[in-house]
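For the record, the sequence lines run as chains Y and F. Its first residue numbered 1, the first sequence is counted upward by one per residue in the numbering used here. Its first residue numbered 1, the second sequence is counted upward by one per residue in the numbering used here.
Quick caveat, the hints were computed from the structure, so don't treat them as lab data. Mixed in with the good hints there might be a few duds.
[To be verified] Between beta-carbon pairs, the in silico distance windows are:
| id | chain 1 | residue 1 | chain 2 | residue 2 | range |
| --- | --- | --- | --- | --- | --- |
| 1 | Y | 95 | F | 399 | 36 to 42 Å |
| 2 | Y | 95 | F | 335 | 58 to 64 Å |
| 3 | F | 296 | Y | 95 | 35 to 41 Å |
| 4 | F | 450 | Y | 28 | 39 to 45 Å |
| 5 | F | 145 | Y | 28 | 53 to 59 Å |
In this text, all values refer to a predicted model and were calculated from it rather than measured experimentally. We treat Cβ as the ideally placed atom computed from N, Cα and C, and that holds for glycine.
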Amino acid sequence: MSLTTSTSPDGQTFTIQIKGKFDFNLVQAFRSAYTEVNDNLAMVVVDLRETEYMDSSALGMLLNMQKTLNGKVNAIKISNCRPQIKKILQISRFDKKFDID
Amino acid sequence: MKILVVDDQELNRNLLQHMLKFEGFDVVLAENGRQAIDKCKQEQPDLVLLDVVMPEMDGYETAPLLKKLSTEVYLPIIFITALGDQDSLRRCLEVGGDDFLNKPFDRVILQAKIKAHSRIRALSMKTFEQNKELDFYRLKTEREHQIVEHIFNRALEGNYHIPHLLDYHLSPASMFNGDIMLVALGPTGNLYVMMGDFTGHGLSSAVGTLPVSRTFYTMTQKGLAVGDIAKEINDILLTLLPDDMFCAATIVELSSKGQSLSVWAGGTPDMYIVDDEIGIKTHINSQHMALGILEEDEFDISTENYSVNSNERLFIATDGVVESFDTDNQMFGYERLTALLNDKSQNSIEQIVNALTEFRGNAEQDDDISILSLRCGAVNSDVDNFDDIYSSLPHRMALDLTIEQIKHADPVVELIDMLTFLKGAEFHRSTLFLLLSEAYNNAVDHGLLRLDSKIKDHEDGFIEYYVQRAERLEQLQDGLIQVSIEYDPATTCIHFIVSDSGSGFNVNHIDVDIESDHEHGRGNVLLRELATSVSYNETGNQIKIVYKLNNNPLYHE
């Protein structure tokens, strides 16, 4: 389980990448990751390519992030989900609130 | 040195025996051809002195039989003869004689001839020994090649079985292929294909394929982006390969619906996206240096992305194709290749291979040749095919977690790891995790710690909730959580039962409204949607979740 962040060379996209398990153990790390972003960012990407597990606490964390960033960035994208993770997001109607690819 | 003397006259035999013994040779005697053959078999002489005219079997008849007894090493036969006519001498040579000795015997000539022929025999014996040794090494090498070949086959054994999308032709210039083609399905149903070409060909360049394939399969299983896979392989090759060896490679990822193509290419010939009707639609040039050259910090993971559809194929070939030569030393070249690809009646892999073979004619293939075509269609990952591989054995595990274990251990992932050893369960890993995680965390948070989910609804409540959770868990004096997991092969159902020693809650008040903006209750909705069934006991301190592995709608959408 780990969380890493990166900013694209043009400074437009901020990516949070979560490896392994996305659950309440990441509450602090996840929050401090997105509170750092500056206001003129175009997009925040949560890259779940390497996320094997997530539970409802992760969903709460994502919603919290959306509330905080709403208005600050143009889009929040959840990308590279595995089918089972995508299913969890769909059941929770996250496709209405996030751009999921 | 042992010499066989064959003569029917006792006088001659004795005379020769005397002379030879005086020179220090061992002597064996025979009175006629038949005896000579027996003696030859028994005594294994190094040289034969053979009389021509003898009763029973004469010298002409005996010589070829003696030669036959020693086919591997040269056995000199010197005819003893008083005959001086050309015909007789010629006949001696024809039947296998190597030299003549005239009667009466001259000691010096006899000595010279024996010496000369024994030198030839010594040489012949040496050659024989060396041949034997060579044979030994040849067999040993063959055996080693077989072992290595076996290892390669096992290591490169991949998922080539995607016939509706993938067509390919691999033709190594020697026994071992320095080209490598790897195919793997990623966790999101995406398809990865790698085509690589190591410097040179043969065994020395094929060794590099082993670490590459291992890395490729590990990374694709994790579902990494092609640029990251390339970087990983680059790092491995940088460490393992000598400086002058590297691997030109293309790594592509086709999305599960076959609509987008992501390409990382380093040091490879042009690739083409070929439309079924109009031919070549896009040229893809390699943007990077080959793998195994650049240091970690210089490496560029950027990829090229293309929107594709099912009327298109990606065509990749190693440089062995365009750099094939015909008997006039002409190169096949890009022009011939693109002409074929642009002609829709000529551009199947088979037709291109045939055209290439025809072009080359009798010229030797001097590099490995690999060609592949990837149809950009829906991947249809084989998940459906796993239906029949669910475990047929009933499994059960149960554990009682004491207060110390609840405080310090994180049992869910460990249990899921164990559970997914069960045949057929691996593909449900994330879902199984979610189910058990929700049940277990509810037992801890609400059963034992009596936390109120409504805290999460307050401003910053989410953090507050987990701060309180940590505090209460620290202070908790006693408590027990029991987890039982059972698998029923008849229904392919996994039953989770999680009970806690808390006082329970009113099971009728469980919040299941997903549309509400409440921060809590989301877990219960997920449980109900993903599980086959969810139930509680009356007191509300035990939850039972059933999840059916087979026919889970997730894989039949």
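Right, here's what the structure says about each hint:
1. Y:95 - F:399: 36 to 42 Å: holds, 37 Å
2. Y:95 - F:335: 58 to 64 Å: violated, 49 Å
3. F:296 - Y:95: 35 to 41 Å: holds, 38 Å
4. F:450 - Y:28: 39 to 45 Å: Taking Cβ atoms as reference, residue 450 of chain F and residue 28 of chain Y lie about 23 Å apart, which means the hint is violated.
5. F:145 - Y:28: 53 to 59 Å: With a Cβ separation near 58 Å, residue 145 of chain F and residue 28 of chain Y satisfy 53 to 59 Å, so the hint holds.
Violated hints for the displayed structure, listed by number in ascending order: 2 and 4.
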